[in-house]
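One line per chain: the protein sequences are A, B, C, D, E, F, G and H, in this order. Heads up, this note's numbering is the position in the first sequence plus 26, with the first residue counted as 1. Heads up, this note's numbering is the position in the second sequence plus 26, with the first residue counted as 1. The letter at position 147 of the third sequence is residue 132 when you use this note's numbering, and the numbering goes up by one with no holes. The letter at position 167 of the fourth sequence is residue 152 when you use this note's numbering, and the numbering goes up by one with no holes. Heads up, this note's numbering is the position in the fifth sequence plus 19, with the first residue counted as 1. Heads up, this note's numbering is the position in the sixth sequence plus 19, with the first residue counted as 1. The letter at position 18 of the seventh sequence is residue 17 when you use this note's numbering, and the numbering goes up by one with no holes. The letter at position 141 of the eighth sequence is residue 140 when you use this note's numbering, and the numbering goes up by one with no holes.
There's no promise every hint is true.
Pair by pair, the computed Cβ-Cβ distance ranges are [said to hold, decoys possible]:
id, chain 1, residue 1, chain 2, residue 2, range
1, D, P145, B, K63, 36 to 42 Å
2, F, Q370, D, E160, 40 to 46 Å
3, B, K63, D, E160, 31 to 37 Å
4, H, K11, F, G291, 53 to 59 Å
5, F, D239, C, A131, 40 to 46 Å
6, H, R152, F, H362, 34 to 40 Å
7, H, R152, F, D213, 40 to 46 Å
8, D, E160, H, R152, 48 to 54 Å
9, F, D239, G, K2, 50 to 56 Å
10, C, M(-14), A, D62, 47 to 53 Å
11, D, G140, H, K11, 38 to 44 Å
12, E, P309, C, L148, 47 to 53 Å
Facing chain E, a subset of chain G residues (Cβ under 10 Å, in silico) [said to hold, decoys possible]:
id, residue
13, L37
14, I39
15, E41
16, G69
17, D84
18, H85
19, Y124
20, G129
21, Q130
22, G138
23, M139
24, S141
25, T142
26, P145
27, G146
28, V150
By construction, these hints were calculated from the structure, which means they are not laboratory data. From the three backbone atoms N, C-alpha and C, an ideal C-beta is built for every residue, glycine too.
The lines below spell out each chain.
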Amino acid sequence: MAKGKIIIDREKCKGCSLCVSVCPKQCIAVSTGLNDKGYYPAEFSQGENGDCCNACTLCALTCPDIAIEVYRG
Amino acid sequence: MAKGKIIIDREKCKGCSLCVSVCPKQCIAVSTGLNDKGYYPAEFSQGENGDCCNACTLCALTCPDIAIEVYRG
Amino acid sequence: MTNKMIFAGFGGQGVLLMGYLTALTAMRQGKNVTYLPSYGAEVRGGTANCTVVISDDEIASPVASSPDYVVVMNNPSLVRFANMVAPGGILLINSSLVHSEIKRDDITVVPVPINELAHELGEDRSANVVMVGALAEATGVLSIEALKEALAETGLGKKPKVLELNRRALDIGAENARQALAKEKSA
Amino acid sequence: MTNKMIFAGFGGQGVLLMGYLTALTAMRQGKNVTYLPSYGAEVRGGTANCTVVISDDEIASPVASSPDYVVVMNNPSLVRFANMVAPGGILLINSSLVHSEIKRDDITVVPVPINELAHELGEDRSANVVMVGALAEATGVLSIEALKEALAETGLGKKPKVLELNRRALDIGAENARQALAKEKSA
Amino acid sequence: MAKQLMRGSHVLGEAAVRAGCRYYFGYPITPQNEVPEYMSSRMLQVGGTFVQAESELASINMVIGAAMAGARVMTSSSSPGISLMQEGISYLAGLELPAVIVNVVRGGPGLGNIAPAQSDYFQATRGGGHGDYRTIVLAPDSCQELCDLTFKAFDLADKYRNPVLIMGDGMMGQMMEPVEFPEPIDPASLPAKDWTLSGAKGRPSRVILSLLLNPKVLEDHNFKLVRKYDAVTREETDWEEYLLDDARQVVVAYGTAARIAKGAIKRVRQMGLKVGLLRPKTLWPFPEKPLKDLTRVVRQLLVFEMSAGQMVEDVKMAVEGQAQVHFYGRPGGVIPTPDEVAHQISHYYYQAGLMEGDKPSKRHGGVA
Amino acid sequence: MAKQLMRGSHVLGEAAVRAGCRYYFGYPITPQNEVPEYMSSRMLQVGGTFVQAESELASINMVIGAAMAGARVMTSSSSPGISLMQEGISYLAGLELPAVIVNVVRGGPGLGNIAPAQSDYFQATRGGGHGDYRTIVLAPDSCQELCDLTFKAFDLADKYRNPVLIMGDGMMGQMMEPVEFPEPIDPASLPAKDWTLSGAKGRPSRVILSLLLNPKVLEDHNFKLVRKYDAVTREETDWEEYLLDDARQVVVAYGTAARIAKGAIKRVRQMGLKVGLLRPKTLWPFPEKPLKDLTRVVRQLLVFEMSAGQMVEDVKMAVEGQAQVHFYGRPGGVIPTPDEVAHQISHYYYQAGLMEGDKPSKRHGGVA
Amino acid sequence: MKKIFEAPKSLKPNLFHYCPGCGHSIIHRLVAEVIDELGIQERTIGVPPAGCAVLAYNYFDVDTGEAPHGRALAVATGLKRVLKDHVIFTYQGDGDIAAIGTAESIHAANRGEKITAIFVNNGTYGMTGGQMAPTTLPGMGSTTTPGGRDVARDGAPLDLTKMMAEAKGSVYLERVSVATPKGIRKAKKAIKKAFQVQLDGLGFALVEVLSPCPTNWKMDPVAAYEWTDKEMTKIFPVGVIKDITGYDKD
Amino acid sequence: MKKIFEAPKSLKPNLFHYCPGCGHSIIHRLVAEVIDELGIQERTIGVPPAGCAVLAYNYFDVDTGEAPHGRALAVATGLKRVLKDHVIFTYQGDGDIAAIGTAESIHAANRGEKITAIFVNNGTYGMTGGQMAPTTLPGMGSTTTPGGRDVARDGAPLDLTKMMAEAKGSVYLERVSVATPKGIRKAKKAIKKAFQVQLDGLGFALVEVLSPCPTNWKMDPVAAYEWTDKEMTKIFPVGVIKDITGYDKD
Ligand SMILES: Cc1ncc(C[n+]2csc(CCOP(=O)(O)OP(=O)(O)O)c2C)c(N)n1
Ligand SMILES: Cc1ncc(C[n+]2csc(CCOP(=O)(O)OP(=O)(O)O)c2C)c(N)n1
Ligand code: SF4
Ligand code: SF4
Ligand code: SF4
Ligand code: SF4
Ligand code: SF4
Ligand code: SF4
Ligand SMILES: [Mg+2]
Ligand SMILES: [Mg+2]
């Protein structure tokens, strides 16, 4: 099972992709739909095995818009 | 005989005494009378043997008010 | 004869260029023109709009409090500008993005799905030019021919290929406006 | 009754202090006073002067275009101020340094060799106080007693010894002015 | 040359270059960033000099230096930046140096905003700096006039050896209109100046200074400046008259506000109101005389400014109580519409009973 | 307290300290160096803060900071230094911060000289900075009044949350007169301010700003300021009337010039001329109404300034053509004598036939 | 699951107005985190600049006072002299602190004002649309340097922080970058230390933060971050520039 | 006998208005001698400051233009940009160049303006009567630092020249003193070199000259010179601070 997970606030996200670029587990991707502000927000996926995220917080640390919350457990 | 001599322009001199302080031969002294501007100007004397000045120009080099001309020969 | 119009939309929608092309074309046709962009705040983000006035006479104010024509490219612009259209005026809306109902019946509303049309044309970025074509057709202030000529003077017509594409965009816009107006009348 | 006076001389002659002592004394005697120094240029050098006005009424202008009394401590001041003395006024000159002839006969000229007097007193720096004593005597605007009292409030009277010395300087100045006036009258 | 559709800031830059300006010193500030941006590349093309200074303070002092060297030189900024230049402008005036300074006015005070405003009128016309001096202040109301007045600004600056201010606002700077530019002037062809710093070769050394320690000498200098300002007032006062012939009410407005006022006047004329416009093109010298003359026939003036009321003082001073002076102002960067100005016009018009058929109103001593 | 014989600059400093000012930021400039010098040692005694800033620009911005923190704070300078503060003063006004700024005016423009002058009147009363704002301007004419108005300056600044300018000149600064100081105020006893930056403890965080990007919001702010300025005009306009009761000619002068004018009036009164003085103590708000009221009986005004003519505009504006307005000015730092002013007074007096026995002069429409 | 990363309390819940990927946003968060951790929210006063961060008061939940462009450190001096027990920080762009504000910056440092300065170096005038900044790199584009900054024509980048090291009153000066997660962690540490210096009354502290401006650099955010990390650090190497705090090395 | 020392031609025959023993007078002469020796009198333009040297145009027989206090290097920038083949020098006091003019000074150096700056450091505001200057030494008296400059209260002396060394466009910076005959000779050499740098178009050059102000130091001239030589040089050591001219070492 996953050690961690993240929640991305779709409406806070500005689609800068920085989280995507720093995630060591490649579990974030840019979505194909626009949010209300007109950005393509990032989306989290636990990966095929549902255990992608290790809660390293790198994504949240990097996210300029504080759109990511990280959970461990 | 003297190797050099200086001429101090009494009216240009502001009596700062710097020339007096730098002359290696001690051949400059402050006069006792005021000039027109109200300063006690420096005065040159060749010394007792008339050979005080060696034309080293230190006095002129130092004189802020360009009151000193130096002659050699 | 004086015509005032406002173009409004997102920053990235080429709104200012629409106004510029319109004003330039009118100038080349010997009209007096003014073009007034709303300039972005010192602070990032937000919407863009511009006002164009075309006239046979000297133009007094470059500001339009009740424009004859309004082009809205997105929803926020509709909210802000729809009520300003002068009675008897024309409101062109980008029906690809703007969905609200317009509640005025004293003006003509011309919906043009410019994003789709541009996409069909094969160049998403030509959406604004499609809209200018529609505007020309719907209002008659400018001829499509004049617009086609003026294109070359702008960034929209520097390369022959792009020029050709944008000329077609004008035609498509005009054509579509014709249809929309016909529908409006028949409705 | 309003009296205006100017004190003038070299920067180093204690000119401003003379004016200050005079004004202070008058104030302590319940008079209205103003004291106005000419303040040095942003550029070095030059002369100093100050204007003191003493009055029973409110003082309008602290400036004196025709002062009743003028004290000149050096030659340049004589040149500049001698002609300003109001007709009937008094010109006190420091005869130790000022040698020019005064060509006016509508004023009283009181020469006081203050440098010599101060030197005799044993304190060259008291020359200005000697002159204030002379001024008081010659003009009558202030009493020597009042001056003596006020001295203590200034830098001239901080130490008892200096105070005593300056009190004597006042007396000497007054005495000398009396003599000079007597001579003037008899002349 | 064919007409060009060009934004005000670029028109200004282009006109300056064509007027022989080869030196521009400036610092970014909205809403005039397009001026330095344009100059940075245009100067490169014409072999001129563009320096982005470290501040407006540095800019204006670089202007002083270039002007001392005899060059046609310009700087531009917007309100807060112009405030920082006040010491330098006072020096320019005191040193009698020609220079062109552009203020693209924004909302104030303080940081305010970047919307078009006219609230720096006092600063411009009264001298925001210290001392008895005046700057010539030009207020264009269209891109073509912006071009023409920029040429004129350089000429006036050289003619009178005085700083000249061009007052615009964000709207003037951003607005595009067709412009026909005059042929460019070769800076080398301009009349030589005989007072510049150029090295003491074959002549005694020169000094350009404003320090005059002797009050009498400084007073003479001040009176010399006063005579100069009198000459400028006599020779250079400039204004536009619009539909004045039959006017019963005259609107006084300049720059962007005048444009809006014209729109308003067109509207009220359609309603039969006889309203005209007097538009100062020189804010200093202010067209006092034409205004005073107007009061012989016109009893009502409406001053319209995009400010809380500044030029209105000049108008009051000019008319000396011989006409009612009303004021309508929108400060803070609000761009009033012709409609609302038309509303103000008719309000006062009807109030004073100026309508056709009404008797000509009595002379009103008071000023509202 | 016994009277003290003290020079103006020290009076100013002492009065400020007694008024509860514990923060002084300044930069040397003649003729006001005695102010920072006095403050540097006086602040040490009272546990206040004296900072010699790196420039006037830094000074005024330190003033902004201290004012935000709620302190009574002061800076002083002379003309060129005040020009450098114009951006900051505009911010103070926009941010609605109380502060006292002293301008010991010297001859200008440019470096000028250090002699007493009144040529910064425009800058002070019209706002040399950008935007629609006003500073309250106080003009003392004696050391005692310098003391009293300094107290008042701090009170007005706090009351209206607005910068207050004290205008002096080199003569005011250097002159010594007897002064009686009020008892010192303990800064801690001053009314608390509920708008300062003090840390968001037990309340929401606060911001003091002048950036109002929305023009409508900035406009509201501007109108709020206008209402404040109206209140100041209503409540605080202050002036002295001197021998006005039977006056046929009234001299208008302030500060040092008013002192000289009084001397002149004493002289001409001895010759039987009925001349009085109206002395504005607040330059802004300007005593318009008393001047206007005067014109009901007085037909001739003589404005006397140590400048090339600045306040004269306010006088003209006030009287609206209802009196002749003559002007006599000596710019550049020349200190006119009472005699020469008396000469001017009598010149105009005789010219208009105001002498006893002459018929009261006709109303003159024109303004000389 | 336990939430292990969330927004700091000293930030208001407003969405940043900054562009996507703007470094200002990250730096805001770091400053707020430090304020939280030091427990000084109730006695902290911020002085934002004119610059993209002009609206910083919309985000920092502390008292803030606006400074004219470039004068933040003078305004902060005034504040700190009155509020000696409060924590005053300025937040300034490179144009603000190192061009128009050069004198105020250097002299505040030299006087040793007990202030913490956050200096956001993004190599451009962000707010006014990308003109050359004092810190624009050689060859780097801007709207006022046709063809990129030409050192011979436009001068070279200015290293204000190094200059400040010469100012006797500066106690702690460090340059960091927010272009990588590691950099972000270091940046926070530096910012915390710079506040600590003030709490300990040691003198002037400044943290210069290399910060991407994707918009004016005309790069996508990821490229901008890489460029910051690779190119900017060549001219502006990260690291401690001055440290006389006497704190134990960590 | 042959005259071997006389006044330089580039000085007018006016008597200096400076106080007895003022360093300005010596520095004026040195600058004039250098102008003579380089034969550039006819194409040299001086920019004097507000400061005791405000009347320098009464002495230098070259074209001169007045600058507002602190802005000499900005004014000089304007001049030099127009008169590229002319020689522009500023002559500024410590208050002028290192307090109010800090920004203009540093940025002119950083842009590498081809200007020669003579920076007269006399540790005081001479012209305005002896207030604290940025260069006033710790403990040294001034009219605005009761009890002498207290570093904790008033900040420490500022070494602008060293800061300027960080500015990329500065090419040659040297500190000299005119407090001894040897120092005077060295000072002249440095001034000459600083002009040569401009003639060779290399960039910004500045000579800082330690200069006695007997009046405000309240010392007699001889004591003031000694103090300059012994005390000032402790805080402001003489010597080359930066030299990338590539000239042969001499
Ligand atoms: C006196 C003054 N001059 C200019 C401006 C315009 N201005 C606002 S912010 C800014 C520079 C922004 O650059 P920087 O400080 O680097 O901050 P950034 O936006 O890059 O974060 C300028 C020039 C101003 N507000 N005030
Ligand atoms: C804007 C401005 N502020 C202040 C002054 C007053 N002022 C003239 S010279 C000077 C400082 C003089 O000191 P410095 O530069 O060290 O030169 P020095 O006289 O010591 O040679 C000052 C503060 C001024 N003329 N202009
Ligand atoms: S916490 Fe780490 S692993 Fe999880 S999504 Fe974020 S970056 Fe990836
Ligand atoms: S870093 Fe944040 S703002 Fe950027 S894409 Fe990821 S979640 Fe969105
Ligand atoms: S030249 Fe030398 S020896 Fe002669 S007087 Fe001068 S210092 Fe003395
Ligand atoms: S150095 Fe010059 S001014 Fe000084 S005492 Fe000697 S001759 Fe006179
Ligand atoms: S312009 Fe640059 S610095 Fe400003 S918000 Fe956008 S990315 Fe950030
Ligand atoms: S005050 Fe000092 S610097 Fe000025 S002239 Fe006198 S000695 Fe020289
Ligand atoms: Mg930046
Ligand atoms: Mg000095």
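Here's how the hints hold up against the structure:
Range check, P145/D to K63/B: Cβ separation about 37 Å, and the 36 to 42 Å hint holds. A hinted range of 40 to 46 Å is violated for the C-beta pair Q370/F and E160/D, which are about 54 Å apart. Judged by the Cβ atoms, the range 31 to 37 Å given for K63/B and E160/D holds: they are separated by roughly 33 Å. Between K11/H and G291/F the C-beta distance comes to about 56 Å, which sits within the given range of 53 to 59 Å.
Checked against the given bound of 40 to 46 Å, the beta carbons of D239/F and A131/C, roughly 45 Å apart, stay inside it. Between R152/H and H362/F the beta carbons are some 54 Å apart, a value that contradicts the proposed interval 34 to 40 Å. One distance hint, 40 to 46 Å for the beta-carbon pair R152/H and D213/F, is violated here, with the actual separation near 32 Å. Checked against the hint of 48 to 54 Å, the C-beta distance between E160/D and R152/H comes to roughly 51 Å, which is consistent with it.
Take D239/F and K2/G: their Cβ atoms lie about 42 Å apart, and the range 50 to 56 Å is violated. For M(-14)/C and D62/A, the hinted distance range of 47 to 53 Å is not satisfied, since their beta carbons lie about 41 Å from each other. For the pair G140/D and K11/H, the beta carbons lie near 41 Å from each other, so the given range of 38 to 44 Å is met. At about 52 Å, the beta-carbon gap between P309/E and L148/C stays in the expected band of 47 to 53 Å.
Using the Cβ-Cβ criterion of 10 Å, the hint placing L37/G at the interface with chain E is not satisfied: the shortest such distance is roughly 30 Å. Checking I39/G against chain E: minimum C-beta separation of about 27 Å lies over 10 Å; hint violated. The beta carbon of E41/G comes no nearer than 27 Å to any beta carbon in chain E, farther than 10 Å, and the hint placing it at the interface is violated. The interface hint given for G69/G holds, since its Cβ lies 7 Å from the closest Cβ of chain E, which is under the 10 Å cut-off.
A least Cβ separation of about 28 Å between D84/G and chain E goes past the 10 Å threshold, and the interface hint is therefore violated. Hint status for H85/G: violated, given a least beta-carbon distance of 23 Å to chain E, over 10 Å. The restraint placing Y124/G at the interface with chain E holds, with a minimum CB-CB distance near 5 Å, inside the 10 Å limit. Checking G129/G against chain E by beta carbon gives a least distance of about 9 Å; that is within 10 Å, so the hint holds.
Taking 10 Å as the C-beta cut-off, the interface hint given for Q130/G holds, the closest approach to chain E being about 4 Å. Checking G138/G against chain E by beta carbon gives a least distance of about 16 Å; that is not within 10 Å, so the hint is violated. Violation of the interface hint for M139/G is found here, the shortest Cβ-Cβ separation to chain E being roughly 14 Å, above the 10 Å cut-off. For S141/G, the suggested interface contact is upheld, since its CB lies about 9 Å from the closest CB of chain E, less than 10 Å.
The closest approach between the C-beta of T142/G and any C-beta of chain E is roughly 5 Å, which is under the 10 Å cut-off, so the hint is satisfied. Satisfaction of the interface hint for P145/G is found here, the shortest Cβ-Cβ separation to chain E being roughly 4 Å, below the 10 Å cut-off. Taking 10 Å as the C-beta cut-off, the interface hint given for G146/G holds, the closest approach to chain E being about 8 Å. Because the beta carbon of V150/G sits about 14 Å from the nearest beta carbon in chain E, more than 10 Å, this interface hint is broken.
Checked against the numbered hints given earlier, this structure breaks hints 2, 6, 7, 9, 10, 13, 14, 15, 17, 18, 22, 23 and 28; the rest are met.
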